[in-house]
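Asks: The primary structure of each chain is shown beneath.
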Amino acid sequence: MSEHIVSKKVYYLIFGALMVLTALTVWVANIDLGSEKLNTVVALAIAVTKAVLVVLYFMHVRYSSRLTWVVVAGGFLWLVIMVGLTLSDYLSRGLLTYPR
Amino acid sequence: MQLPRLPFTPEQASTVSTEVDALYTYLVAITLFFSLLVTVLIFYFAVKYRRRSENELPQPIAGSVKLETMWTVIPFLISMTIFVWGASLYFTLYRPPKDAIEIFVVGKQWMWKFQHTEGQREINELHVPVGAKVKLTMTTEDVIHSFAVPAFRIRSDVVPGRYTFAWFEATKPGRYALYCTEFCGTNHSGMTGWVEVMEPTAYQAWLAGGGSDSPAAQGEQLFQSLGCATCHRADTQGRGPVLTGVFGKPQRIQDVGDVLVDESYIRESITNPAAKVVEGFQPIMPSYQGQVSEEQLLQLIAYIRSLGAPQQGTTMTNSGAGQGEPTTTTGINPDAQRSNPLGPTSPNQIQGNAPPSGLSPQGRRSGQTGGGTSQTGGNSNQPRGGNSNQ
Amino acid sequence: MTDAMGTRVKFAHENYINANYGIKSWLLTKDHKRIALLYLASVTVFFILGGIYALVIRLELLTPAGNIVQPMTYNKLFTQHGIIMIFFFLIPSIPAVLGNFLVPLMIGAKDLAFPKLNLLSWYLYLAGALFTIWALLNGGIDTGWTFYTPYSTTFSNSYVVAAGLGIFINGFSSILTGLNFIVTIHTMRAPGMTWFRLPLFIWSHYATSLIMVLGTPVIAITILLVALERIVHIGIFDPRLGGDPVLFQHFFWFYSHPAVYIMILPSMGVVSELISTHSRKNVFGYSFVAFSSLAIAVFGFLVWGHHLFTSSQSVYAGMIFSFVSFAVAIPSAVKVFNWTATLYKGSISYDTPMLYALGFIGLFTIGGLTGLFLAALGLDVHLTDSYFIVAHFHYIMVGGALMGYLGGLHNWWPKITGRMYPEGWGRFSALVIFVGFNLTFFPQFLLGYMGMPRRYHAYAEEFQVLNVFSTAGASILGFGLLIPGIYFIWSMRYGKFAPPNPWAATGLEWRTASPPPTENFASTPVVTWEAYEYRPMEEMEVIGPDKRDTAQPAHGEATI
Amino acid sequence: MAHAETLDAHEHGGAAATDHHASSNLAHHFDNLEQQREAGSLGMWLFLVTEIMFFGGLFTGYIIYRMQHPQAFAIASSTLNWKLGALNTVVLIVSSLTMALAVYFAQMGSRRMQIIFLVATMLLGAVFLVVKGFEYADKFEHHHFPGLGFQWTDAVPAGVSTHHIQMFYWIYFAMTGLHALHMIIGIGAMLFLIYYAYRGRYTPEYHAPVELTGLYWHFVDIVWIFLFPLLYLLGAHLTHGGGGGH
Ligand code: HEA
Ligand code: HEA
Ligand code: CUA
Ligand SMILES: [Cu+2]
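Chains as they are written, first to last, in our numbering: chain A, 1 to 100; chain B, 1 to 390; chain C, 1 to 560; chain D, 1 to 246.
These are calculated hints, taken from the structure and not from any lab test. Remember, predicted model here, so these are calculated numbers, not experimental data. Ideal placement from N, C-alpha and C gives every residue a C-beta, glycine not left out. One thing to keep in mind: the hints can contain errors.
As the list claims (entries may be wrong) - The following label-pair restraints were derived from C-beta to C-beta distances:
{"#": "1", "chain 1": "A", "residue 1": "Trp27", "chain 2": "D", "residue 2": "Phe192", "range": "37 to 43 Å"}
{"#": "2", "chain 1": "B", "residue 1": "Val47", "chain 2": "C", "residue 2": "Glu530", "range": "53 to 59 Å"}
{"#": "3", "chain 1": "D", "residue 1": "Phe192", "chain 2": "C", "residue 2": "Arg535", "range": "26 to 32 Å"}
As the list claims (entries may be wrong) - Over 10 Å on every C-beta distance to chain C, these chain A residues come out as not near it, computed from the model:
{"#": "4", "residue": "Phe15"}
{"#": "5", "residue": "Leu38"}
{"#": "6", "residue": "Leu67"}
{"#": "7", "residue": "Ile81"}
{"#": "8", "residue": "Met82"}
{"#": "9", "residue": "Ser88"}
{"#": "10", "residue": "Arg93"}
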């Protein structure tokens with residue numbers, strides 16, 4: 001399996017997209033979308049998109065072996081596990097009902 | 001369920017102890033079964049198929065999906081029975097019942113302090129009547145401790161900055177050991193005591209003898225002496241909200257929404273009033289952090305709670321204003337819940353901004369030390385603080 | 001090659017031990033086999049140190065009154081016992097010693113993928129160890145190996161930051177080992193060595209490495225935060241500054257629960273090898289055993305909250321964690337049953353490694369099943385932080401992991417040193433250790449249910465009888481461990497020469513000389529057989545420079 | 001099973017063309033460069049996974065405390081200079097582009113362009129650090145460094161405790177500090193690359209170090225892509241749009 005060479009044009013395109021998304025995230029942050037949660041979700045969605053672009057193209061994962069895909073996905077999955085299960089405690093604290 | 005008590009088990013002195021022992025017995029049986037199964041098989045095979053000559057070459061056996069499925073599914077099903085049983089018991093253990101006598105517990109390095117609703121205070125010794133439900137509202141002045149009474153099969157950590165709960169109903173008069181079971185420093189193993197379970201009459205007599213005022217009454221005195229009463233007046237003329245009848249009801253908080261007024265909320269209102277400001281009021285209430293101890297906090301809470309209480313008596317503290325509520329006091333109003341699910345509003349919740357005030361007087365000055373050393377001479381030789389070493 | 005007395009002999013072939021001499025050739029080596037020996041020496045030192053702490057603990061607990069050491073000293077004893085045994089002995093033990101030595105050999109590679117990183121990892125281990133030793137010499141640390149806040153951040157007056165830094169640095173050593181294994185197993189397998197021809201030892205090390213890579217960074221950052229909290233009071237875990245002490249427990253156990261599988265999985269891999277080798281049977285249900293390792297590694301990350309059942313964690317989170325804890329027990333059960341089934345119609349020898357392996361199965365089963373007591377929410381409320389916990393984890397970590405390690409050491413000792421250990425003494429000491437172990441730790445189950453809390457310097461009278469048993473057991477255990485300590489050293493000089501394949505085993509590591517040459521094999525091996533495909537000795541030719549005694553298994557020959 | 005079973009396809013060694021043992025770039029224990037490259041790249045990816053988990057601990061802390069104290073975090077965040085943050089974001093993205101191009105020219109075998117882009121990447125990294133330095137200096141001046149000496153002089157709205165404002169700052173400093181440390185390491189690696197590129201070490205066949213450093217550099221960029229909105233922008237609409245909450 002020899003390495004795949006990504007053309008310069010792709011790099012420039014991705015770069016352009018990243019710049020646009022950066023501008024977008026700044027713009028969105030300054031308008032009130034109604035709830036803080038929505039603002040956060042949008043900001044995170046943009047960040048994730050940017051990260052995915054970098055991973056896929058700048059880091060060549062799009063052209064890499066399945067193993068690399070698994071490693072990358074695994075890394076993020078574990079982050080989600082850590083955050084998710086920790087939150088399972090924090091979010092459900094105090095939900096226990098008991099008579100007083 | 002009355003199973004025979006296994007040897008090497010502690011006395012069964014509470015209602016839940018038999019239930020816990022039943023689950024224990026079940027698990028012992030499972031353990032015996034599987035360990036014996038495995039051991040017997042190993043011995044049997046090891047003898048039967050021992051190597052008889054150096055050049056033996058046994059036939060390979062590939063495996064069996066049927067067997068694999070069997071020994072995946074059966075243990076799984078068994079373990080699910082344990083899970084369900086264990087979980088339901090857990091809910092019993094951590095859901096204090098209605099109509100319980102309430103006792104305040106404060107842990108500190110290295111002693112347990114108790115205060116009864118009638119006012120008696122005790123250290124490392126807790127008197128309770130047999131056959132009555134007792135609810136413990138617990139916190140700590142310094143590090144995490146854990147309150148455990150093996151004979152009752154109960155235990156709960158006490159965590160700085162928040163309240164935790166435990167309950168029990170003793171079934172036999174007697175003296176039962178009480179331990180701190182979360183490592184808390186030099187004298188961790190000395191942080192023990194006794195729970196004295198008494199006949200109700202004896203308990204009443206004990207209560208009558210030499211108690212001080214009830215926590216609520218002491219709280220009332222504090223309420224005057226600390227100047228709370230200047231702002232919180234019985235009429236609506238004060239600068240602060242009227243506190244009568246607030247306990248157990250939702251309160252509307254600026255920028256947050258409805259929050260249930262419970263122990264943790266009041267604690268926070270006193271130690272860090274700015275955290276939640278009642279709608280329609282200015283954040284002018286000063287913080288009393290560092291001026292009231294954990295025990296005094298509990299007394300103030302008892303007092304405020306009693307303001308809404310229609311009747312007095314042993315169950316007084318539980319009947320607070322919240323009695324009219326449908327008792328689903330999740331510690332959090334559904335709306336408030338949604339607005340900020342993490343908001344520190346419930347008994348179990350983080351009280352991030354509610355430092356245990358007992359620490360603060362000295363803690364402030366030296367930067368970090370645990371407070372209250374003066375109260376227990378024995379403790380003062382414990383070097384404290386994170387200074388000097390790394 | 002041998003002189004008349006059989007002493008002071010040199011190996012006939014050039015191997016990794018005699019390839020070159022001098023302290024530098026060891027300290028700067030990039031050979032995975034030599035690095036394994038460096039690790040062997042260092043973890044042994046720490047095991048003895050940790051063991052001495054344990055003996056003093058047991059001595060103190062002989063009587064109810066805490067009258068031998070000061071309370072503060074006692075707290076330091078068990079803390080340092082725990083820290084040393086876990087971070088500096090058990091976690092590196094099998095992976096860094098046996099794994100380092102065997103992973104490349106077993107897959108037919110010349111070395112690990114990153115030999116320099118491998119050496120670096122030993123130096124990091126050493127640096128971490130020195131930091132920790134420094135902390136111990138300067139007064140020690142008294143927080144318990146769990147470092148719970150706010151005690152560790154604000155109240156303890158001991159050397160938390162230094163010891164923490166030691167663990168922090170040591171963590172990177174662990175990460176590098178894991179990373180190296182994963183890459184090696186993926187990219188360096190010999191031609192023909194497909195995934196399902198790999199020895200189960202490799203599968204379990206692969207699973208272990210996953211945990212090391214995914215979990216260890218979290219303990220590193222956690223310890224860093226504890227240190228920061230202590231030094232500059234950032235407030236993250238300090239309730240007085242708005243932090244949450246329970247968050248620390250989440251972080252700590254996010255690593256430390258998976259870490260218990262770092263400790264047991266390699267041992268399970270060893271046991272798979274030993275059971276197969278010493279009954280000359282292929283492992284029953286190979287692929288189930290292989291995948292159960294991965295399942296343990298993955299699900300092991302979802303259960304950490306079972307250490308927080310009474311710590312004011314939400315009861316609902318408790319339920320999730322309890323449920324998954326039961327689920328993660330299943331792959332372990334699968335392994336136990338498959339090992340047992342492997343014995344069926346085998347040719348079972350009673351060599352020392354096999355005794356350890358059989359002991360492992362029994363003790364691990366008891367240790368694991370008592371884990372179920374703790375995973376059962378309502379029961380854990382009574383059991384947590386009692387001696388029941390202490391018994392549970394010693395049954396797994398000493399009765400399981402340590403037995404596996406010792407069994408593995410015996411099994412591969414001929415390969416590592418080129419010498420046989422004395423079989424008779426081996427069996428005798430295995431028996432003593434087994435008896436001593438059970439006598440030490442079984443009474444602790446009973447003590448725990450009776451309510452004796454752990455980390456207690458002094459205890460109530462009624463617990464004394466069982467504690468006396470436990471202490472007596474510990475002395476037998478200590479004596480038993482002394483025996484291999486002595487004869488291993490003895491055998492390096494005086495042991496009988498080992499043939500390349502003394503057990504008539506199938507692994508690639510047995511197809512090269514004992515000890516192996518620096519490049520492991522004379523030529524790259526080409527694998528044409530399945531895992532655990534036992535054949536007559538004549539058919540298992542050696543791909544190494546030393547073809548002596550190929551057909552002579554050394555079974556049952558006690559040399560002493 | 002028989003001895004003479006057919007061999008599984010060679011797992012590696014297929015690429016016989018690149019199989020020159022004599023090459024000085026091939027470590028002795030690898031069979032060929034392809035295998036070595038694969039190992040290196042897998043190793044680097046695994047290392048990046050450990051980095052994710054390393055930063056992950058801080059992210060988790062951030063998420064939990066922010067959910068508990070949204071207002072305090074928003075207020076603290078609004079004292080950061082989002083324009084500098086945005087500038088740095090742009091700088092880093094450009095540096096990622098130049099890094100990608102450096103790898104590209106290494107693959108093409110153009111030594112000159114490769115060096116040019118490596119130098120550019122390094123300089124952009126330095127620019128980032130300088131900007132960051134100014135930001136830090138500003139925070140120190142205002143006593144916004146958490147720990148001893150932390151001061152918050154502005155008025156605090158109701159419901160907000162300065163503890164939690166400080167909490168934001170320690171997260172800010174821990175995360176950006178750790179990120180900056182990674183940048184510094186990256187710049188150090190860049191120096192090596194430039195030196196060896198100058199010596200003509202990297203060829204279309206062998207340029208793994210450039211590639212791996214590239215992976216690392218992009219990863220550091222990604223971390224910043226998350227840090228920027230989470231730290232600088234989270235409260236923007238609150239402080240600008242006023243009010244907030246509900
Ligand atoms: C190598 C170390 C190791 C291993 C492998 C395990 C394995 C397990 N552990 Fe253990 N554990 C520790 C080391 C280990 N543990 C340590 C060190 C502590 C204390 C830390 C401290 O606080 O200091 C601890 C504490 C601990 C607790 C916390 C107790 C508390 O503090 O309150 C719990 C709770 O769930 C638990 C559960 C389990 C379970 C369910 C398993 C399972 O993985 C076990 C699975 C194995 C089996 C089940 C046996 C084989 C199965 C059969 C023979 C078939 C029959 C099976 C069924 C019917 C299901 N352990
Ligand atoms: C790998 C882990 C490991 C191992 C192997 C051991 C081994 C032993 N442990 Fe340990 N233990 C822990 C991990 C381990 N422990 C942990 C994590 C804790 C919790 C700490 C905490 O609470 O924070 C703990 C706590 C703990 C306690 C509870 C303390 C308390 O809570 O108050 C006790 C008490 O009996 C104990 C005893 C023992 C004993 C008797 C051994 C014996 O098996 C030791 C046997 C070894 C020796 C006796 C060494 C002798 C060997 C030689 C002399 C060989 C000589 C060789 C040559 C000369 C070459 N341990
Ligand atoms: Cu209090 Cu232990
Ligand atoms: Cu665990």
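Asks: It remains to establish, for every hint, whether it holds in the given structure.
Replies: Hint by hint, here is what the structure shows:
A/Trp27 and D/Phe192 have their C-beta atoms about 40 Å apart, which keeps the hinted 37 to 43 Å range intact. With their beta carbons about 29 Å apart, B/Val47 and C/Glu530 fall outside the hinted range of 53 to 59 Å. For the hinted restraint 26 to 32 Å between D/Phe192 and C/Arg535, the CB-CB distance of approximately 51 Å leaves it violated. With a minimum CB-CB distance of about 30 Å to chain C, A/Phe15 clears the 10 Å threshold, and the non-interface call stands.
Its beta-carbon lying about 26 Å from the closest one in chain C, A/Leu38 satisfies the requirement of being farther than 10 Å from that chain. A/Leu67, annotated as away from the interface, has a beta carbon of chain C within 10 Å; the closest lies near 7 Å. Look at A/Ile81: its CB is around 6 Å from the nearest CB on chain C, not clear of 10 Å, so calling it non-interface is violated. Separation of A/Met82 from chain C is inadequate, the least Cβ-Cβ distance of about 6 Å not exceeding the 10 Å criterion.
Taking the minimum C-beta to C-beta distance to chain C, about 5 Å, the non-interface status of A/Ser88 is violated against the 10 Å cut. Against chain C, the non-interface label of A/Arg93 is violated: not every CB pair exceeds 10 Å, the least being about 4 Å.
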